[in-house]
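From first to last, the protein sequence lines are chains A and B. Position 99, counted from 1, in the first sequence is what the UniProt record's numbering calls 99; the numbers after and before it change by one each time, with no gaps. Position 4, counted from 1, in the second sequence is what the UniProt record's numbering calls 4; the numbers after and before it change by one each time, with no gaps.
Since the hints were made in silico from the structure, they are not lab data. Note that the structure is a prediction, hence the values are computed from the model and not measured. Possibly wrong hints are sitting among the right ones.
Unchecked claim - List time: in silico BS3-like cross-link candidates among lysine-lysine, alpha-carbon distance up to 25 Å:
#	chain 1	residue 1	chain 2	residue 2
1	A	127	B	326
2	B	216	A	274
3	B	377	B	348
4	B	204	B	98
5	B	225	A	274
6	B	406	A	127
7	B	164	B	196
8	A	127	B	98
9	B	324	B	91
10	B	348	A	127
11	B	324	A	127
12	B	157	A	274
13	B	157	B	216
As the list claims (entries may be wrong) - Derived CB-CB ranges, DEER-like:
#	chain 1	residue 1	chain 2	residue 2	range
14	B	329	A	69	25 to 35 Å
15	B	355	A	283	52 to 62 Å
16	A	128	B	102	27 to 37 Å
17	B	411	A	69	31 to 41 Å
18	A	156	B	233	27 to 37 Å
The beta-carbon is built from N, C-alpha and C at its ideal position, and this holds for glycine as well.
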Amino acid sequence: MHTLPQQLANGLILGSMYGLIAIGYTMVYGIVQLINFAHGEIYMTGAFGALTVYTNLPDGMSIWAALPLMLAGGAVVSMLIAVGAERLAYRPLRHAPRLAPLITAIGLSLALQQAVFLWYPNATSGKTFPQLPGGPFHIGSVDIQSGDIFLVVAAVVCMAALAAFVRTSRTGRAMQATAQDPDTAQLMGIDTNRIIVIAFAIGGFFAAVAGLASGLKYGQIKYDIGFQAGLKAFTAAVLGGIGNIYGAMLGGLVLGIAESCASAYISNIPGMDKLGGGSWNTVWAFVLLIVVLLVRPQGLLGERVADRA
Amino acid sequence: MRHRSLLILTTVLTTGALTLTACGSRSDDKGGTGGSGGSSTSAAKNVTVVIGVDAPLTGQNSATGLGLQYGAQIAVDDANSKNLVPGVTFKIEAKDDKAQPATGQQNATAFTSDNNVIAAIGPLNSSVAVSMQQVFATANMVEISPANTNPALTQGKDWATGKKVRPFPTYFRTATTDANQGGFAGDYAFNTLKKKSAYVVDDKQTYGAGLAGIFKEKFSSLGGKIAGTDHVNTGDNDYSTLVTKIKNSHADMVYYGGQYDESELITKQLKAAGVKIPLMGGDGMYSTTYIKTAGPAAEGDLVTSVGVPVATLKTATDFINAYKSKGYPGDYGTYGGYTYDATTAIIKAVKVVMDANGGKLPAMPDARKALVDAVQKTDLEGVAGHVSFDQFGDTTNKQLTVYQVKSGNWVAVKSGIYTG
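Extracted from the complex, chain A is given alone in its bound form:
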């Protein structure tokens, strides 16, 4: 079992990525009770935004200097699309039956994916993404790449900033109020439309960070990376308790570790050798989700909310 620390680290890194994307699902759900299925695509466009900035920078510029600009570029694209989707697609349907915005979200997801496929230059197959130099770093028996360090640090910093923002700032408290009861919040003088836009924008920003980190980690992005990442992140959000930002991050980490340990060790159990290995990781992730939902239907950190149950 001496590979355990390395497999835990692998899971933690993968989980940080799921967590970053899951924040977007959970924030939007917490405030407007909408599963924004286009969120995976917002992550993908964030990665493409960052790549666009990089390809337009002068040659020979250090990747470290380019990094903030790439993040800014990705964030602008993701946030504009997230906020634009809210304004043009979801807001007109705010008081429609819930099915309508949900199907709109799925449609938007397909539209965004195909738009990148058609109009981004040569995006019909994978695009090479720059990678961070240096590494691997050895911590005990664990090897970590520089791209992984960026991802984990970004996840921790973003999460801490978000927690502080929601707890202490005026806008953050307004968000909590809107999540609890939008009508009463509005009566108390909170501009709920503005709060909803901010929730979408924050989700978009987190997705852009994840998109950039994914490009740096794997060195390649594709027009369809948003689908699977979105599905896993949505699972992470439900696992952690949808609507709860800490739950989204925790759900992401649990999912990442579960996937990595399942594919590493299940095949060692006698009689289970056919059910382990890398190709089964998604199966075990969903088995975990089903078990958690059976025992705790509200998710790991979710609350039983009387008026919505």
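For chain A, the structure is supplied; the task is to place chain B on it using the hints.
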């Protein structure tokens, strides 16, 4: 319980959306009925005959897939400009199968129901071929794949036990099989590279799993150790778990059965984790995209591929020059020459069919049927070697070559014929 019912609804919708995206059918609404198509008219009038091409043209495997489309295009352009079949103008119609069996089957159905299409070239992927063979067989339409290497496609599912039965008389291929390729690789790894312990990974597809299995058998029968096996999903991009397992197994090489889309990321993540052992694969990995994406991590990696290097063949010079001068996208290196030869085989067979019918092309269902026999009797010198088919529809040209990445390029290190 609105919360939970919303989740259930969501799940159902997602599944629905998945299914829908998988079957976006594209019917061209032409041909189909009207048996007396333009092709049944007399030879005096110039008729247009369409050769269908099915390959992944976007997304996964598209670099090699585009090589199929444009390899066939050049063959058709040559035939038309040289007036190889007087009175007939050939045309290529390419359809994108996205490397998905279901899409390939739709394309095959579209080809067979279009009365202007006489035969088809493709597909690239063995798994796609499995879903297309029956469609072409029912329509008596010739299908020649320049790229499929899974032995079961021509020799039946029990080929390994020696009970070889050809399942479809309409299916031919100009690439040799993995029975030869996997054995050739196992032999090279053990006897030439002196590798003693291999970690075998595959992508669970018809091609990848088949190839990996044959390699594994050959390598261990020679006395090599199989340090471990694993399977990956196509389209995954995180292989950290796999890399950790390989590292821990102390294997001195990795064999991957599958395409370049996954293996280029595996080798990159493997070398980044400090595991400096070569990754070896089959023809699905032989692509310049592999080196481009993996970068320095690809150095020293190996593939086996069908045939001898096209660039070393005198006969292929014109083909390569045409490909380059037209600026076509995609990789012609692996299958371009074979595609050209497969297309030429069809074109020449059309002439045979016409000659036997008094210089006229028979009406469509008959023309297709007659073409099957004509293709079976193919005997020509192609750009990638001699082209003829044995009783299973397999090529008689069983040349294989090992390539290795050296200074960022695929370099041929050994060519030969695998004899078992």
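Results of checking the hints against the structure:
Taking the CA atoms of residue 127 of chain A and residue 326 of chain B, the gap is near 24 Å; set against the 25 Å cutoff, the hint holds. With a CA separation close to 17 Å, the supplied pair residue 216 of chain B and residue 274 of chain A stays within the 25 Å bound. The straight-line distance between the Cα atoms of residue 377 of chain B and residue 348 of chain B is roughly 11 Å, inside the 25 Å bound, and the hint therefore holds. For the suggested pair residue 204 of chain B and residue 98 of chain B, the alpha carbons sit about 17 Å apart, so the restraint of at most 25 Å is met.
For the suggested pair residue 225 of chain B and residue 274 of chain A, the alpha carbons sit about 20 Å apart, so the restraint of at most 25 Å is met. Between residue 406 of chain B and residue 127 of chain A the alpha-carbon distance is near 23 Å, which keeps this suggested pair within the 25 Å criterion. In summary, the hint linking residue 164 of chain B to residue 196 of chain B is not supported, as the alpha carbons are separated by about 32 Å, beyond the 25 Å threshold. A C-alpha spacing of about 17 Å is found between residue 127 of chain A and residue 98 of chain B, which places the hinted pair at or below 25 Å, so the restraint holds.
Proximity of residue 324 of chain B to residue 91 of chain B is assessed by CA-CA distance (about 20 Å); at most 25 Å being required, the pair is judged to hold. Annotation: proposed proximity of residue 348 of chain B to residue 127 of chain A is violated, straight-line Cα distance about 40 Å (limit 25 Å). Taking the CA atoms of residue 324 of chain B and residue 127 of chain A, the gap is about 23 Å. The hint holds against a cut of 25 Å. Restraint check for residue 157 of chain B and residue 274 of chain A: satisfied, since their Cα atoms lie roughly 22 Å apart, inside the 25 Å limit.
Only pairs whose Cα atoms come within 25 Å are accepted, and residue 157 of chain B paired with residue 216 of chain B is accepted, the gap being roughly 19 Å. Distance hint check: the CB atoms of residue 329 of chain B and residue 69 of chain A are about 30 Å apart, consistent with the given range 25 to 35 Å. In this structure the hint that residue 355 of chain B and residue 283 of chain A lie 52 to 62 Å apart at CB holds, the actual value being about 58 Å. A beta carbon spacing of about 29 Å between residue 128 of chain A and residue 102 of chain B agrees with the range 27 to 37 Å that was offered as a hint.
Between residue 411 of chain B and residue 69 of chain A the C-beta distance comes to about 39 Å, which sits within the given range of 31 to 41 Å. For the hinted restraint 27 to 37 Å between residue 156 of chain A and residue 233 of chain B, the CB-CB distance of approximately 29 Å keeps it satisfied.
Hints 7, 10, counting from the list given before, are not met by this structure.
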